[in-house]
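**Q** What follows is each chain in one-letter form.
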Amino acid sequence: MSDNITDIDVSSLQPAMEEPLMTGYEQPVFRLEEMIINMGPQHPSTHGVLRLVVHLDGELVINVDPVIGYLHRGMEKLAENRTYLQFLSMASRLDYLSGIFMEWPYVMCIEKLMEIEVPPRAEYLRVIVGELNRIISHHMSYGDFLLNLGAGTPFFWAFRDRETVMDMLEMLTGQRMMYNYMRIGGVRYDMTDGFEEACRRFIKDFPPKIDEYEKLVTDNEIFLSRTLGLGAITPEEALDYGLSGPNIRATGIPWDLRRQQHYSVYDDFDFEIPLGRNGDSFDRYKCRIEEMRQSLRIIEQALDGIPGGPVNVKMPPVLRPPAGEVFCAVESPRGEWADYLVSDGGLRPYRLKMRDPSFVAISALPRILPGHKIADVIGIGGSLDLIMGGVDR
Amino acid sequence: MNTESPVMDAYEAAEHAETLLGGLARDVRVLKGSVVIALGAADLPEVGMRLRDDSRLSLKMLTLVGGIDREDTMEVVYVLRSMEQPVVVELRAATGRLEPEVPTVTGVWGTANWHEREAFDMLGIRFEGHPDLRRILTRDDFDLFPLRKDVQPRRVPREEWKFEGVGPAVRLPEEPDRSQRS
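Protein sequences, first through last, are from chains A and G.
Going letter by letter, the first sequence gives residues 14 to 406 in the working numbering.
Going letter by letter, the second sequence gives residues 1393 to 1574 in the working numbering.
Worth flagging that the hints you see were computed from the coordinates, not collected in a lab.
Be aware that one or more of the hints could be misleading.
[What the hints assert, rightly or not] Some chain A residues flagged as far from chain G (calculated, every beta-carbon gap over 10 Å): (1) 98; (2) 109; (3) 215; (4) 232; (5) 277; (6) 299; (7) 338.
[Said to hold, decoys possible] Below, simulated PhoX-like cross-link-like pairs (lysine-lysine); rule was C-alpha separation at most 20 Å, straight line: (8) A:217 with A:228; (9) G:1452 with A:125; (10) A:222 with A:125; (11) A:327 with A:125; (12) A:228 with A:327; (13) A:90 with G:1541.
[What the hints assert, rightly or not] If we take Cβ atoms under 8 Å as the criterion, some of the chain G residues that face chain A in the derived model are: (14) 1416; (15) 1456; (16) 1503.
Where a beta carbon is used, it is the ideal one built from N, C-alpha and C, also for glycine.
Let the hints inform the model, and build the full structure from the sequences given.
**A** The structure is reproduced here in structure tokens:
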């Protein structure tokens, strides 16, 4: 017997690994599969109704599938069933924060089809109201982006100053958000008494407030750690995805339709295009802040140089643009808003296709988000400045 | 803009595109300020590749993809923008109306992915080779292609208007005091 002792295999005394060490308890199970989380549709920080199906590995995002269409109102079909003038009042309901930039390409399309010369005073007024609209849209973007990151104060500061501009826009157009100010062949109203004065006061008062915004946010360490290097996209990818506006300028591509396409009277003004370098959230934020300053410069020059004369041309009560296809685009606060209008010579648009810059920005989310933490998804989405009213149309 | 390629106007761009594409373009002309290139649907990816990689035109940005129901044919429009030149180039291709099918250009411009999904959703144009051709704006089980001309909104005569689900009568709230508007 003693001879056999050395022959015992020690490892056979240990229990096999498959068996539970303690009976009566379930062995803890660590699964290594991905987790799927639905963000939205009713998420507190989406601007409208957007659903992101996020695939997670722990807290890292592996894949994102944006689901849109919750605000789809069929605007393109509605346009086909209304006369040209009837649709004009609906255009600013698309991207409700920058309504002027939806009306503008639409009237440009019809003017191009009917070969209407717009009076220079009307073009200057369009530029003034457009740049004011750009400022309040960037206000909203600044406030909401910071709110997404968890900072409440900037939102209220932005809204305090946004109110001033909205009052001015109300003086000019009669409306605070849904302007319906553009007319085919000009604009609806001339400047009212006191508008120019209010505008000049705003141009004087606002730059120190932009400095305040920056003092509050830009050098803040928490803000920097949540934006620097996050949500970055390279210039090549930005072009491939067709980004526009501040989102592509943040990557360093000087792409601004006000410069590139020479529409309206933007050639008369001296302004700079703010450019980023890294294409990350911080650069996008910084581009928007600088654009507010440049918009002020444009408004000041437009007020100085505005010519006299009529603000619109006499149009027939029934519009029948000649048959044809026409494409017009403007640089909206979020990027290139373009309209493709097909007319068959009738009373109604035969087809109106609209291109929304936020739609394109959302389509880039599956490229931008993977590799980031789940907590940064909202911040990066906010930095892209998505407005669902335009995306879903 | 670099100095080697001077700025082209639309007519020069049209001429350049015509020599570049050779037989692939059926018709090149300038309409309403944009260069319009008519081509066969099957040539779309090849034409897109050539226009994008050309050093002078450099049409690197696809702005929109639109479908137009022409009642006898279905037309697809691609609007392209150049990084170098202030020109707009439109590619137009016609396809059959009932079973519209064109090859996808997602391999040329990545942004075409969602634009083509939208054209499929709205008009039922099938993009052959598209990686993810699903409905995008309407719900997944929607059975219509709403922007086709034979789909028309149902007009309800005024006599048939009724309000369902709110009960027989709804008491209106009292008129708010409008004198103190905040």
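**Q** All hints are to be evaluated individually against the structure, with a verdict given for each.
**A** Evaluated hints:
1. 98: Consistent with the label, residue 98 (chain A) stays out of reach of chain G, its closest Cβ about 19 Å off (over 10 Å).
2. 109: Non-interface label stands for residue 109 (chain A): nearest chain G Cβ at 18 Å, farther than 10 Å.
3. 215: holds, 21 Å
4. 232: holds, 34 Å
5. 277: Given that every Cβ of chain G is farther than 10 Å from that of residue 277 (chain A), nearest at about 14 Å, it holds.
6. 299: holds, 23 Å
7. 338: violated, 7 Å
8. A:217 with A:228: holds, 19 Å
9. G:1452 with A:125: Answer violated: residue 1452 (chain G) to residue 125 (chain A) is near 26 Å, above 20 Å.
10. A:222 with A:125: violated, 40 Å
11. A:327 with A:125: holds, 16 Å
12. A:228 with A:327: With a Cα-Cα distance of about 49 Å, the restraint between residue 228 (chain A) and residue 327 (chain A) is violated, given a limit of 20 Å.
13. A:90 with G:1541: holds, 10 Å
14. 1416: Since the shortest Cβ distance to chain A is 21 Å, the answer is violated.
15. 1456: Hint holds; residue 1456 (chain G) Cβ to chain A Cβ min 4 Å, cut 8 Å.
16. 1503: OK, holds: residue 1503 (chain G) within 8 Å of chain A, min 3 Å.
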